[in-house]
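> The chain contents come next:
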Amino acid sequence: MKETVIIAGFGGQGVLSMGKILAYAGIVQNFEVSWMPAYGPEMRGGTANVTVILSDKAISSPIAGEFDTAVILNQQSMDKFESKVKPGGVLIYDTNGITRHPERTDIEVYAMDATEEAARRDMARMFNTMVLGGYLAVRPVVKIESIVEGLRKSLPERAWKLIPANEKALATGAELIRKVR
Amino acid sequence: MEEIKLIKGNEAVAEGAIRSGCDGYFGYPITPQSEVLETLMELRPWESTGMVVVQAESEVSSINMVYGGAACGKRVMTSSSSPGVSLMAEGLSYLAGAELPCLVVNVQRGGPGLGTIQPSQADYFQAVKGTAHGDFKMIVLAPNSVQEMYDHVFDGFDLAFKYRIPVMMLSDGIIGQMMEKVVMTRQRPRWTKEEVSQISDSWATLGKHAGREKNVITSLELDSQIMEKRNEHLQAKYRKIEAAEVRFEESQMEDAEYVVVAFGSSARIASEAVSMARAAGMKVGLLRPITLWPFPTKRIEELAGRVKGFLVPELNAGQMVEDVRLAVNGKVPVWHYGRMGGMIYSPEDIFNELKNNAR
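Chains as they are written, first to last, in the numbering used here: chain B, 1 to 181; chain D, 1 to 359.
Bear in mind the hints are in silico, worked out from the structure with no lab data behind them. Fair warning: there could be bad hints in the mix.
To be verified - Among the chain D residues that face chain B by a calculated CB cut under 8 Å, a handful are: (1) M178; (2) E180; (3) I269.
We put the CB at the ideal spot given by N, CA and C, even for glycine.
Excised from the complex, chain B in its bound form (with noise of 0.2 Å):
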């Protein structure tokens, strides 16, 4: 098993700790993962990207040119990873503010209205869980259960209060996810 996977958008919509969390969940299940993220002044308010590879081998280079699957959360990311999923590979995005919406159709495309439903369900700040969920639904390379564990080893014992509201927003995402092609 690999999975290679490229999560992008704007920074402040919890990108680079959406790969965290799943890279943690990785470990968990004793995957090999590496978490390789675009850092830098970008970070603040523009785009934010990170990729994440989950394998039962030795990971050998954390730079991907393609990726098997694209989490995309904004237009800009749009524009730029479309074109590099994997013939075959699966494509998630967000709808809001996409203005142009993916035209490929040699990959599986699937898109959640998820902004807009963290905001109407008052879930704003559980927004990158909520596509993790959706992710996952689409493509279990871990369990729920061990994002979970992930999760307890992530965060300082006081953060753990806010594991349960984590977890809805897991399977809120799982069900806002529609396939589109």
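Given chain B, put chain D in place with the hints provided.
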């Protein structure tokens, strides 16, 4: 106790420093290496092992604090990124001249000048050849994973004290900023006062006692005859290191017709490219120098006698490729492939270079 963590390369340096029994870290923030100092401040080792952590007022100050600590026989280190390491150049020459052991970590970013905060490998020349004035060398370790950024702290201190030489860990913004699994070994205790005297009494300034002459730490010698002798002594030491400490790693070399030579993060990207080439039926092997100085010259010389060519991908305009060319000595073609200014190639890019050049 062994512990597994998911951390950044920079955080691994901080963890490695504490667990390797480091006595003091002196540093100054700069992207993409700031997490080293930040993590140390967060972990507060002065409360556990007694290790000192100081944010100096500049890189110049950091390296001279390292000089002071090293002169007392202590395991001391600093870290920075490219422009900051340039500021340390003078101090590094003094450390080498005074034969002081220390560890300096460079998490490289793109240059020249202030350049960019994105990853680069453009400080190869600086690390292995032209750090500063005078004929001197540092042992240069090139980690290719977060685990190695942890391990090389231990190795770095061991080599530094074995030869009384500054050791540089030449990492970059990719390995420094990425997170991977790290297996952390148990705590190695800091040296006690007695152990420090046992190990370093012959040269360190520990306080003179009746048993020996006073120790003087200096790189200054105005008598040229003596200064030449000192240089000869340093050079003899460097030859010894070249004979004993070359480290490299190879894969798929047995039947290789072409060899990719790459270090650090580039070696990770290249190893995926080599797998792609193998899948396409090309006979390609990978040689990864782990020590950039001393360089695996002999091994490359041997390989040059039986392969058809070498590709050297580096995130710079062509630096290590010169050392590969010196070793190959014109026997077969050597190609460089690079990106600069913080741009990174993908495995596909290196694979394409292989396809276009290897025939």
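> Which hints from the list above does the structure break, by number from lowest to highest?
none
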